[in-house]
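In our numbering, the protein residues as written are 4 to 419.
What the hints contain is simulated information worked out from the structure, not anything from laboratory work.
Hints may be right or wrong, so weigh each one.
Derived pair list, reagent style DSSO-like, types lysine-lysine, alpha-carbon separation capped at 30 Å [to be verified]: (1) K231 with K208; (2) K57 with K305; (3) K208 with K163; (4) K258 with K222.
Listed next, with one range per pair, are the computed distances between beta-carbon atoms [to be verified]: (5) S223 with A154: 47 to 55 Å; (6) T121 with N257: 40 to 48 Å; (7) N118 with E150: 42 to 50 Å.
All C-beta atoms in this analysis are idealised placements derived from N, C-alpha and C, irrespective of residue type, glycine included.
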Amino acid sequence: MDRKIEKKTWNTKRITTIAGITGIVLLVGGSIYFTSGKSKLNVDTERITVSEIKKGPFQEFIPVNGVVMPKTTIYLDAVEGGRVEKLFVEDGTTMKAGQPILKLTNTDLELSLANEETSVFNVLTQMQISRDNAQQNTIGKLNQMAEVDNALKEAERIYKLNKHLYDQKAIGLQEFKKSENEYQYAVNRKKLTTKILNQDSTSTKQQLTQMGESYDHMKSTLALMRKKVGDLIVRAPVDGQLTSMDAEIGQTKNKGQRLGQIDVLSGYKVRVDVDEHYISRVYNGLMGEFTLDKTYKLRIKKVFTQVTNGRFQVDMEFLGAIPKEMRRGQTLQIRLALSDETQALLVPKGGFYQQTGGNWIFKLSEDGKTAYRVDVQLGRQNPDYYEVLQGLQPGDKVVTSSYDTYGDMQELVLKQ
């Protein structure tokens, strides 16, 4: 007798099929779930830098290098050209004002001096001769004047005597008229002689004055020529140290050529190189500081606007104390302030800026397990901090290390 066999509902084949389908559905659903949301990346917290946003004092400054130089430097140029004949001192010598440094020879200049001296001597000799002649001429005119005076007095005496005798009818008219004419002649002669003497005196005086002025001019020229010859001996203009001397015996130096310099040792300044990017923001009065045994203050006193190899220079002066061990040529690392100190929201500098350009940053969640992108706006900066203008608050924690390996991830899952 046949027996009906009932078919099992959950056989092995069916269970296997359903499990496979379910697995595929779960896999597809999970894939859809994870790809439809934010992209995430697991990150080891030991490989990142987490910084806290703080509010504190901020000052925009740039690090620059400066070289210590004497406060005053006087350059030595050849006032007159010539050949180096003698060196009195060596480079590096401490000099006193007026102390000779080197001697040049210039045969043409020395010959010109000799000719000028001869010319002055000749003029002086001619002046002496002219003065002697003028004196002799004046003496002659004075003698002549004395004779005229004497003749006038004698003619006047005879005239008065004859007039009296004529009035007494003691002499005739002819004799009286003769004495009268001689008297009138003597009067006219004296007038003429006096006029000639006066003119001669004036002419002689003018001539001597002109010769004196000419002589004074030639003496001034001679003095200038002697000074030029004297300048062939180069002397220290002030007390200081002779440096950068460029002269050897036998060398020929042209007029105006640099021979060296005198560094005045009464103080120091710092010559600083600054990137041309900051040329519009650097001006006299900006402050800087550097640290040796303690912090020292500097201030810009002169800006050289000429740009060379992408950099320009400024001179800075010390404010207050100067380091005791300061020496010429020493290099200082200076923090040059571009703004006053203010209170600002600060984020420490880090590698994140290279990928984000300061437009966004990864901010940690409150539980510190994830970090997500937030838009930010950064302002000024210094070597340590960026100024936060928007997007973050004091106490927020952010990832400031490099984002090189994060790609376009929207969220970081932080693993201990």
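Structure-based check of all given hints:
1. A C-alpha spacing of about 34 Å is found between K231 and K208, which places the hinted pair above 30 Å, so the restraint is violated.
2. The suggested pairing of K57 with K305 is violated, with an alpha-carbon distance near 37 Å, which exceeds 30 Å.
3. Restraint check: the Cα-Cα separation between K208 and K163 comes to about 39 Å, which exceeds 30 Å; the hinted pair is violated.
4. Simply put, K258 and K222 have alpha-carbon atoms about 24 Å apart, close enough for the 30 Å limit, and the pair holds.
5. Between S223 and A154 the Cβ separation comes to about 49 Å, which falls inside the hinted range of 47 to 55 Å.
6. Checked against the hint of 40 to 48 Å, the C-beta distance between T121 and N257 comes to roughly 28 Å, which is inconsistent with it.
7. A hinted range of 42 to 50 Å for the beta carbons of N118 and E150 is consistent with their spacing of about 48 Å.
Consistency note: the structure conflicts with the earlier hints numbered 1, 2, 3, 6.
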